[in-house]
Every structure is written in C-alpha cells, then in structure tokens.
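Chemist: Here the structure of chain A is known, so what remains is to put chains B, C and D in place on it, guided by the hints.
Number of protein chains: 4
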Amino acid sequence: MSGNSFGKIFRITTFGESHGPAVGVVLDGCPAGLELHEDDIQKELDRRRPGQSEITTPRDEADKVEILSGVFEGKTTGTPVCMVVYNKNQQSKDYGDVKNLFRPGHADYTYFMKYGIRDYRGGGRSSSRETIGRVAAGAVAKKLLSLKDIKITGYVKQIGTVKGEKFDEDFIERNPVRCADSEKYQEMKNYILKAKDRGDSVGGIVEVIIRGVEPGLGEPVFDRLNADLAKAILSLPAVKGIEFGRGFDVVYACGSENNDEISPHGFLSNNAGGTLGGISTGQDIVFRFPVKPASSILIPKQTIDKFGNSREVVTKGRHDPCVAPRVVPVAEAMASLVIVDSLMINKNKKISDFS
Amino acid sequence: MSGNSFGKIFRITTFGESHGPAVGVVLDGCPAGLELHEDDIQKELDRRRPGQSEITTPRDEADKVEILSGVFEGKTTGTPVCMVVYNKNQQSKDYGDVKNLFRPGHADYTYFMKYGIRDYRGGGRSSSRETIGRVAAGAVAKKLLSLKDIKITGYVKQIGTVKGEKFDEDFIERNPVRCADSEKYQEMKNYILKAKDRGDSVGGIVEVIIRGVEPGLGEPVFDRLNADLAKAILSLPAVKGIEFGRGFDVVYACGSENNDEISPHGFLSNNAGGTLGGISTGQDIVFRFPVKPASSILIPKQTIDKFGNSREVVTKGRHDPCVAPRVVPVAEAMASLVIVDSLMINKNKKISDFS
Amino acid sequence: MSGNSFGKIFRITTFGESHGPAVGVVLDGCPAGLELHEDDIQKELDRRRPGQSEITTPRDEADKVEILSGVFEGKTTGTPVCMVVYNKNQQSKDYGDVKNLFRPGHADYTYFMKYGIRDYRGGGRSSSRETIGRVAAGAVAKKLLSLKDIKITGYVKQIGTVKGEKFDEDFIERNPVRCADSEKYQEMKNYILKAKDRGDSVGGIVEVIIRGVEPGLGEPVFDRLNADLAKAILSLPAVKGIEFGRGFDVVYACGSENNDEISPHGFLSNNAGGTLGGISTGQDIVFRFPVKPASSILIPKQTIDKFGNSREVVTKGRHDPCVAPRVVPVAEAMASLVIVDSLMINKNKKISDFS
Amino acid sequence: MSGNSFGKIFRITTFGESHGPAVGVVLDGCPAGLELHEDDIQKELDRRRPGQSEITTPRDEADKVEILSGVFEGKTTGTPVCMVVYNKNQQSKDYGDVKNLFRPGHADYTYFMKYGIRDYRGGGRSSSRETIGRVAAGAVAKKLLSLKDIKITGYVKQIGTVKGEKFDEDFIERNPVRCADSEKYQEMKNYILKAKDRGDSVGGIVEVIIRGVEPGLGEPVFDRLNADLAKAILSLPAVKGIEFGRGFDVVYACGSENNDEISPHGFLSNNAGGTLGGISTGQDIVFRFPVKPASSILIPKQTIDKFGNSREVVTKGRHDPCVAPRVVPVAEAMASLVIVDSLMINKNKKISDFS
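Chains as they are written, first to last, in the numbering used here: chain A, 225 to 579; chain B, 225 to 579; chain C, 225 to 579; chain D, 225 to 579.
If you're looking for bench data, these hints aren't it; they were derived computationally from the structure. A hint or two may mislead.
It does not matter which identical chain is used: a pair holds within one copy or between any two.
[Unchecked claim] In silico lysine-lysine, BS3-like type, Cα no more than 30 Å apart, as pairs:
#: 1; residue 1: 375; residue 2: 530
#: 2; residue 1: 299; residue 2: 232
#: 3; residue 1: 299; residue 2: 530
#: 4; residue 1: 323; residue 2: 299
#: 5; residue 1: 530; residue 2: 571
#: 6; residue 1: 312; residue 2: 530
#: 7; residue 1: 323; residue 2: 571
#: 8; residue 1: 267; residue 2: 387
#: 9; residue 1: 530; residue 2: 372
#: 10; residue 1: 232; residue 2: 387
#: 11; residue 1: 574; residue 2: 267
#: 12; residue 1: 530; residue 2: 367
#: 13; residue 1: 574; residue 2: 288
#: 14; residue 1: 288; residue 2: 530
#: 15; residue 1: 571; residue 2: 299
#: 16; residue 1: 574; residue 2: 323
#: 17; residue 1: 530; residue 2: 390
#: 18; residue 1: 367; residue 2: 323
#: 19; residue 1: 288; residue 2: 312
#: 20; residue 1: 540; residue 2: 367
Here the structure is a predicted model, which is why all the values come from computation and not from measurement.
If we strip away everything but chain A, and leave its shape as in the complex, we get (with noise of 0.2 Å):
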C-alpha cells in the first residue's frame, strides 16, 4: 500500500535511505532448501556499485551485504532472508542550505508535498542506493531462475545519439558502459565523458532479453506478465518508458506484417516480444527503455527552497554522468523478480497441478 514492496508470492520489501544506517531488504517467499551464500549477492551487488570506472562516479562504496535471517547451514529455510547493507560515511556533514533546496529533476520536492518532511541528506530514501535491496533480492531471484535454464541480459543499446548494432554478449561485461558492440563501444564513452567535462549528463536506451521462459507466463487479464514487467521496471529511478518487441515502431507495421506466424517448429518472427494476451509464448522475452540524463549535474539551475524563494542550485559532490550502465544490473534484477513470482503463480492453474 505504501509501494515499498513487490511481488505477490516472491515478495520484497525493500528499506532505508541513503545516509541512514543501512539500506536493506526483506524477501519473503524464498523456497526452503536453496544454497545461498553472501557471496551470491555480493556479485551482483558489485556490478551495480559506483566507482568502477571513469565514467561513472569515482564515490567508493564497498557495499558490504550481510544476511540476518533465514538462510541456515547455507540454505534457505522459507522463512524471510533481511539482506542489509550498512551505509559508511553517514556522518553528519554539513548540508548548509541545501536541505531546504529542490533540486531540479530530482524527488526533493514531491517527496517535501506528499509528507511534509524529507531526509534531505544524500536524496534519503529516493537516492539510488534503494536499489541495493532490489538487487540483492534478486540475485537470490537469479540463483532460482538458474536453476530452470532462464536467463536474463540487460545491455546499453544506446547512449545520447550512439546507437549500438551489434550484440556481442560476451563484450557487454568488459567494457564499462555495459554496450554489446564492441565498435561502438569507444564513441559511447567519449559521448559520455564529454558530458561529464561540461559538467553535465546524458541519457541512453537499455534492452533486456529474457531467454528460457516457458510458454504460460503472466496473468491475465491485468496482471499480463509485460504489465508486470513495465511496472517493475518504471519503478527504476529515471527511466521513462518502456516497449516491449517492435514497440512504438508498431505504428508503422499493418497487422499482416506484424502478426508472428505459427509453424509446427514455432513461431516465425517476434514481432510481440515474448508475449501474446500478456502471457508468455515461450520465445524471448524483449523490451526497451529510456534512462534519463543524471538529474545531478554541476551546472547552475533555476529552483525554489522550501519557502518558495527563488534559488540557483548546482549539486556538488561526484555524480555519475551517465547511469545507464549501473541501471544494468537494476534491470535484471527486476525482470528476474517478476519472472520468479510469475512462475511461482503459474503452479495453480490447471486442475492436473491442483489434485
């Protein structure tokens, strides 16, 4: 009801705020008997943490996690694992007037209408560092997918006007922009440094590809699993669309184009991206998004403080000037959420399941 929790059967919630003690999560639903070790979630929480490279922000977060329930004897019981992170450096700093700003493009002042107050330290609880309980939660969701041949890559197929073109997926973890097209690769990052030379930010396009899934995925008829999908991932901090196969190009296409074809050895195209009625179809499951340039940038804007006052703002500190790498891991780890509590809803659908 407050929207700090996702899924139905495999279901986290998520707490914290940037500075506060610890950011965390609670993921209740987990199978008893799974192997689970800290090191699972490490892994995907150091390819989402800052400073691996130039061209995100050189902040050093180690991002330590710590599991405080229900993993025993290195696995799971079925009962709720709280995964938390302790924030280092959450001394007190001085944030002089800045707590009564509204940063522009960021949530400072939504959050200062909806409940009167806002822990202005660091973002408080809209600061990307929420994340770190989306994607410990789903590293374990990854674990359990793993486990059924089901596999999910998030990639930057676009940065500013540098469209990549090749999918070379072996490329997309070695280079830090998290591109598939090695060709593309370098003028991808120049685009991005040289934003962050201006001071400034860029946005890019992120695909995520979901292989494996069986046909029979997604409920119908408001819980389609693209439904579920495009909430799990506009629920990211600065992403402001998605589309699923063609997409928006759709408008272009007459029905007898767009259509996929059935032979007896599957379908022939994937015009639809993975689902039809909002359910599966056993092909891959594709979708596209828009990242937004970093809202953080050192270039002096025009706002109000919390008095209504006419304001410039310039946010210090150091920034990442393009996130759409980072939102990387993000993104797969909510797909592989959503498609988890999928398959865990789709056990009581046919009365062969049920006696």
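Modeler: Chains B, C and D in isolation, oriented as in the chain A frame:
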C-alpha cells in the same frame, strides 16, 4: 493473484467472456454517498462500443449496463458495485475447426498453453469485450475525479505514418479517429480505410493528458504513479509500450536541458511528464503508448492447430481495421482508476491526516 | 481493502444486498479443467436456504444460481467464475419508519455510522443473504477438496443448555437441527420451538471437523492455518468466538498432559486440534464456535432512530428462532475456501517444487 | 502470501530466527512526522522480555532495539521503519541429536514437513522471539493511538483453576502475573510456581479491552473488526481460541437478553463486545483468549526423530512455566496494529471524505 483485479483501495475485478452470458465488473471501495445512475456508466460504454463509424467494426452491440448492487436510492452505499452487460447473440454458431486453430497475433496459443483449455468463441476472456468492465468502473472513477476537477483526456496522436500536430481538444470526440488535429483527420481516416480495403489493419499512437492532479500522488518506491499507470496501460490488449513526458527522446537530451527548473510560480517545463521520483508534481501528467495493428485480418496467414499441424487461417467476421480510437476511452478509464486509487492511498501520509 | 474479498490465490469477492437485484460472488483463481455445473452449486445453496423446516424461517427463497462466466462446455477455464442469485420479491414494500430505526443486535447503527447512508431493506448488505455468495464459492472449493479426499463436516453441538454427546455423522443432514446426536435431537428442537413460541431466539455452538488434510498447510507466522480459519469463521454473522482442539479448557491443563506425544505410528492425541505452530499436523482439524441468538425477535426492545430519539422496535416478519443449523453449511464453505487456498499457497515452499 | 506480513495500510513484515544474527521488523505505512525514538520501542520490548521475575524464564536477554531506517531528526519520514534486535549468545552450541527430534507441542514436526529443512536452534523461526518484531511495531501503533486517546489494556484473567474477579487496572503492571486482581495474585503465582517445581507448565486466559474507539471501524463483510482481531490474536504462539463480549456463553442466552438495547445516551449493555456486523459501535471492544501451557517442560515425553524412530525427549534449558503474562504485551501490540490499520482504512468511506 490470478490477474483479474486492479487497484488497492478503489479496486475492481472484471469477469466474463466474449460469448458467455455476460461481462461485468465488481467495484469495491467506492465511497458511500456518490450519486450514481446507469446513465453515468452507459455514457462511457457508448464511447467504446463498436459500430460507431465506418472505421470501426460494424458489429452492433448495444452493451446496456445493469447495476446489480451497491447503489440504493440513486446513491452508492459503500458496498460493492456490480455492473453487468449481458451478451447478446451468444447463440452457439458453428465454430468449425477455428476452435482448434491458434490465430496469429491473438492469445489463442498462450491461453491454451497456460490453461490446457480455452473458450474459443470470439477470443473468450482475451476478447476486448473484457474492457467493458474496466470502462464501467472507470466511469465511476471519472465521476469521483470530476468532484476534484481532475480531467483525463485521451486522443489518437498518430495513425501509421500520419502524425497529428495540432491539439484541438473539442475536436476529439467529434471525429471517429479521435484525433485532435482536424487538419490531419482526413488523412488518418484514409490511411485506415485503405488498410481496411486490403483486409488489413493499422497501428496508432495514443496520448493521454491528466490535468488537475495535486502534488504528492504516487508511492515510493515501487508503486510510483508512473509505474502504476504503465501497468494499467500495458494491461490493455494491443498496447506495446508507454512513455512519459519526453519519453524515449530523453536519450538525446542532456541533464542541463532535461531537468525541469522551478520558479516561485511553478515549474518552467515538463520534460518529466508530471512526476518526479514517481510522485506527481502537480503539472499535467502526460503519456503516450503504441497500439498494434489489430490481429484480426482477412489476409491468410500461416499457423498451427492444437495438434501441431500446419494450417492457414483467415479471421472471418467484422473487425476493426484500427483499434486505437476505441482504446482511447479504455485508456482514460484505466488512468481514472489509477488516479482515484492514488488519491485514496495518499490519505494516510502525514501525521496531521491521522490525528 | 474494503472487506468484500477473501482468500489469496483462490479468492472470492461477494456482492449484493438483501433486497437489491441480486447477490453473488466472483471466484478468481479456480484451476482450469474442473467439471462444474450449476447443480454442484445449487446443492449447497439448498442446504443454507430458509424454509426447510419448522425451526427455520418459513420465508421461501428458491435461490437459484446462475453461472455468468468462467465455465465453458461444462468445465472451468481458469478465468473468473461469477455466480449470481437474483433476488425475488424485491418489490418496494413500505418500510414505514423502520428505515430510520437502529434494530438492537443488528448492524443498522454501525453501517449508518460508517457510511452515513444505508440500505435499510432487510438489512441490506449486512443481511445473511450475503453468505449465498460464500456458499456458492465454497461449493466449488468442496469439489476441489473431494479430489484430494479432504472432507469438511460441520454440525450443531449445543443448543442453549442442551449439549450433544454422540457423534453420528450420518444423522446430521437428516435432522433440521443438524445435530449429530439422535438422542438429543428432540430436546434441542423443543428448546428452539419454545423460544419461537415466545417470539424469542436461542444460541448454539457449532463444531467443524476437517479430515484428510496433509501436514504442512498454513503459513508462519501471521497466516497460520488456525488464524486464517478464525478470521473466516469470525467473518460470519452472529459468530462470537472460536476455539481449536482443547480450546478454552486448555487453561485447566498442564503442559505434560496437553502436549500431544508422537509415536512412529502418528500422534497419540489431538489436544492441539490439528495444527502446531499454525501448520497442519495431518491430524483432524477441529474447531468450535458460538452462534448468538438471532437478533430479529418479536419482543419489543428499546432503541433510537437516526435522529437520536428514543423508540421501541419489534422485528416483524418471519425469522429463524435459531440460526445455528443454517450456519453449518456456511461455516463448511468458509473452511473449504481456507483449505483450498492453503493448498495452493503451499505449492512453492520447497526448492524441489520450484525447479 | 508467505505469512510474514500483517496489516494492509499500516503493514509489518517480521523476520529473523531465535538463534540467527537478528530478529526484526519492517513497518511500512507509518505517517510522516511522528516523533519516534528508540526509547518508545524499548519500553514495550522491556515488557515482553524474559528474566523479569521468578515466574518467567531466567534467561537474560537485553533485547536492545536499533532503528535502521525511516526516522530522521527524531521523526518518521513516511518511509519504511526497520527495527532490529541483534541476537546475543548465538554461539554455535552443541545441539546434540535434539536437532533431529520433534519436540511435542512445538512446531518442529510441522516446519520439517512443510519445508523439508528447519533451523532447530531454539525453535528457529517458530520461537516466540519472532514476536519482538510485533511488539516493536506495536509500540509505534500505540504511539499513534495515544494521539486519538485510544487505550489498549491486556491482563491475565485466569491461571489454571484460579480466576481473577476484581479489575484493578493499576495493579496489572505491578505484578509479574499481570493479573488485575490483587487478591487472587498470590494464588495465581503459587499455581504457576507449583507447576514450575514439577518441571511442568500451566495455561491461562488473557483479556484485552480497547477503549476510545470511534464507531465505524472494521470492514464488511470479511474484514470485520472482530475477524481481524481474531486473526491477529490466533497468529500468536500458544493461543487456542478467542471470544468477544459474552463469547461462548452466548449459547445460554436468548435474543431478548442478548441484544444490546440503545438509548439516546448510548448502548445499555455490551454483550456484543464492541462490534455489530463486524463494525465498532464505539463501546469498549472486549475479548479473551486461552493460552496453552508452555510446550517446553522438563518431564520426559514420547516422540519420534526425523527418521521415524521412537525417542524420548526433555526440553532442557530455562523456560517459562506460564507464558500468559508475557503474551499480554504482545496481544496489546497486535490489537494496536489492527486498530491503527482500521482507522487508516476507514478514511475513504464517505464521499465527504473523498472530495
């Protein structure tokens, strides 16, 4: 859990199949004391029903609504409002071997894979007749929103290659395309009719604008207003994506141009599309979504039957060559449901509201 | 959220008022492929309907059910099953000033305080006619349970001061009191008829036994099987409590006698009533609950009207002098819903189930 | 879905095992702006912790709470409040073959059957240490209720055969039995100590009174206030039933005596226990529940191990001979959570509240 319900406090559950006895909705959570008559509902249902012009299907479905509960002496009582439309023409026609075929672009295959059984008459549950329940409940939501001067307007922005540019709000309901540009209307219509002549169908893009929303709606971090709207819209048949504000084009922007500055008189731009951190800013909420070309076409296509044999299929009958115009009232209904629910959820956020 | 739904995966939403057009239920989450006919439902509705004997109200309500959705060619399709009973005799009789009176023991006062408006005809939503929807959905649940040889049996254990002792299961449905003790039947019946002659009503105690449940049902820590059953039963009109196994008498026991010992052949006693830590042990689940004397009586009582004036009221019309016998099928329905839901929820608990 | 969450708007999720790193709770839905300090929580935790007197276990657990999120500058921010108690003494002692035994009366057997694995250290998740999270969240709820002058008082009404009669509210927290009858206190205490001397345990009955609740709380038809309270209380370890108002004794009453008459100055009696039709009347809400004798006893009992072999077991260690006194603050916590949630849910019931 099974996907037929939507909303948290203002919550609907739809039921019914295309050719079963009835389609309908149970709306739970409507405040007591709202004046409500069947006319209020019928008005919106008439906007979505077929047979309205030469560019929609000529099937004539009266779609008369009956209120079965929750209203007493012309007012809601706070108990569930059940609204039903009995299906006409559900006589058992001969479905020949269509009943064993999976029509491309339809949900035939996926429903069969999920449930092992399907009501093949007119698409059964996956028919767009299911949206009748949504529109009926949405009509109640609209009535509630009118009490707060919140207005939701949808229109067709693009048909195939023809983009609308002007925004003449009064024109929308006066043309069957539901476009807002009277100069482009004829061109859009012709685009549709040409496809119709070929037995084919075309796609479109719909835009929705929500005006009058107060700041503070939407819940961090998963139930962001834009995430909930995304889920609502992606739960509609034929919708393949969504974007807010600047949307996918945000990839071409820098932070310094994309951040919406704030003056003492309000925001100076609305690239964000009305939310920051997933919470409404008080500006217009603006989103667009692509509607795929209708799957039912008269052009033969390759498919399989449920025994795995290769087959050819043509969707006989009378169909919409373009569903985008009829999606408009349904999208408005879904947006209305989301906004009403958000308003209700937002009641318990400040200690001053509680005590 | 508004209290008209029950269950998580196997979930029902009831709607309808006593004298509105209809009462009914939408059942979501029923597996596809279950054979289901209106007769299956009608059979259970006939057990709860009035007019069955001299100790129930002589009102004759046929209560014929119609299935509006979710069943195709005699089988469920996995989509919502809407079942409706249209109300007869809803002609607008003169309610005189009853409409402004709060009848003692009824929900008139509380509904008015909550909603500021109420449907005063026959209790409106608070009428026990609402339970028709529960019984209809419960009939589907019972059918599912029969596939797993789970049997739920309710009976009247006590009427006023008359306690049943023998448990003759076959006798239950052969006597209008629904007691299981043929030797005490006449005494119980006379107790009721004596109250009826005075225009008064009497209370009773009902016991329910659930046999054939596997170990492992129920979720720690809040959704214990006994907690969910308690909620289900306390949600029935006129029920004032519940106890499991040894129940309140546990206060007189020591741990050394109350703990149920276990042998290689099973538990040696069942003081717990079939659950430990809220999870089923595989033994019979046994609970009892008190049913208050019906609130509608012919003896004048003091009350107020909605303007705060002191008034005297007599509930005219034909009423049950004792509702316990008619509560039996409704309690069985509620228990059936809980058990089916628990079975479905229990599908995702072990990693071996998932992979 | 997995049973570790409770409440709808004011919603808690508890986590943690008896001998794991920590137990705790995430509270979501607390309004922003409530003054909250760790002392507020600690005060209630101190009421439930062991080692308080000779009739509770001498284990000394400090149970110091830490707030990890959701509070900033001494006030709640509207974001999730995570509260944690780190477990002391979780050093890995030798559990010998206890780890393979199912202790009678405990949840060992059922957890093993459900999950195929269990944390056998001190009961793991089924330990009453889980209730620490409930009490912590309940302390926040109590603080909210105090703003509305709602007061919840629990006390021990009966120990074994010794019934309290007088109700001296001030006495409750001044005696370790938490009874309200100073004349019966010594007798109750002796009853407990005698069982303790035998290595045995005894049961009790607890009563809870909720004062100051406005009329209108609770939702028809399933989420009745009494049904929600029943679920809350039955979700506590060792509780075997509940009754409201006149409770089981209602079987001996006639409608003419049991119906609570109403005068212009209010109700003339409270047999109903504070609700009608599941909605609060504004009178005191009164309920009682039996607490079984603690399962951990020093008297040898027959059981089996997980291989099915017959075994004898004695629960070594220091245990409570009677848990009823320590259940009191936990029951108050659960009742507080239900009432706060009901108040929040009740915000959207009248059209005048909405517009």
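Chemist: Now, for every hint given, state plainly whether the structure supports it.
Modeler: Checked hints:
Taking the shortest alpha-carbon separations for residue 375 and residue 530, only the inter-copy value of 28 Å comes in at or below 30 Å, while the best intra-copy value is 46 Å. In this homomeric assembly, residue 299 and residue 232 come within 30 Å of each other (Cα to Cα) both inside a single copy, at 22 Å, and across copies, at 27 Å. In the homo-oligomer, the alpha carbons of residue 299 and residue 530 lie at most 30 Å apart only across protomers (18 Å), although the nearest pairing inside one protomer, at 49 Å, exceeds that limit. In this assembly of identical chains, the alpha carbons of residue 323 and residue 299 lie at most 30 Å apart only when taken from different copies (16 Å versus 44 Å within one copy).
For a Cα distance limit of 30 Å, the shortest separation of residue 530 from residue 571 across copies, 22 Å, qualifies, whereas the shortest one inside one copy, 51 Å, does not. For a Cα distance limit of 30 Å, the shortest separation of residue 312 from residue 530 inside one copy, 29 Å, qualifies, whereas the shortest one across copies, 45 Å, does not. Proximity of residue 323 to residue 571 under the C-alpha cut-off of 30 Å is restricted to the inter-copy arrangement: shortest distance 26 Å between copies versus 49 Å within a copy. Taking the shortest alpha-carbon separations for residue 267 and residue 387, only the intra-copy value of 29 Å comes in at or below 30 Å, while the best inter-copy value is 47 Å.
Proximity of residue 530 to residue 372 under the C-alpha cut-off of 30 Å is restricted to the inter-copy arrangement: shortest distance 25 Å between copies versus 51 Å within a copy. In this assembly of identical chains, residue 232 and residue 387 lie within 30 Å of each other by CA distance neither inside one copy nor across copies; the values are 37 Å within and 40 Å between. Proximity of residue 574 to residue 267 under the C-alpha cut-off of 30 Å is restricted to the inter-copy arrangement: shortest distance 25 Å between copies versus 37 Å within a copy. Only between protomers do residue 530 and residue 367 lie at most 30 Å apart by alpha-carbon distance; the minimum there is 29 Å, versus 45 Å within a single protomer.
Taking the shortest alpha-carbon separations for residue 574 and residue 288, only the inter-copy value of 28 Å comes in at or below 30 Å, while the best intra-copy value is 43 Å. With identical chains, the CA atoms of residue 288 and residue 530 are never at most 30 Å apart, being 36 Å at best within one copy and 37 Å at best between copies. In the homo-oligomer, the alpha carbons of residue 571 and residue 299 lie at most 30 Å apart both inside one protomer (23 Å) and across protomers (19 Å), since each shortest distance falls under that limit. In this assembly of identical chains, residue 574 and residue 323 lie within 30 Å of each other by CA distance solely across copies; the values are 20 Å between and 55 Å within a copy.
With identical chains, the CA atoms of residue 530 and residue 390 are never at most 30 Å apart, being 48 Å at best within one copy and 37 Å at best between copies. Proximity of residue 367 and residue 323 under a CA criterion of 30 Å is satisfied inter-copy only: 28 Å between copies versus 41 Å inside one chain copy. For the homomeric pair residue 288 and residue 312, the shortest alpha-carbon distances inside one copy (10 Å) and between copies (22 Å) are both at most 30 Å. For a Cα distance limit of 30 Å, the shortest separation of residue 540 from residue 367 qualifies neither inside one copy, at 39 Å, nor across copies, at 39 Å.
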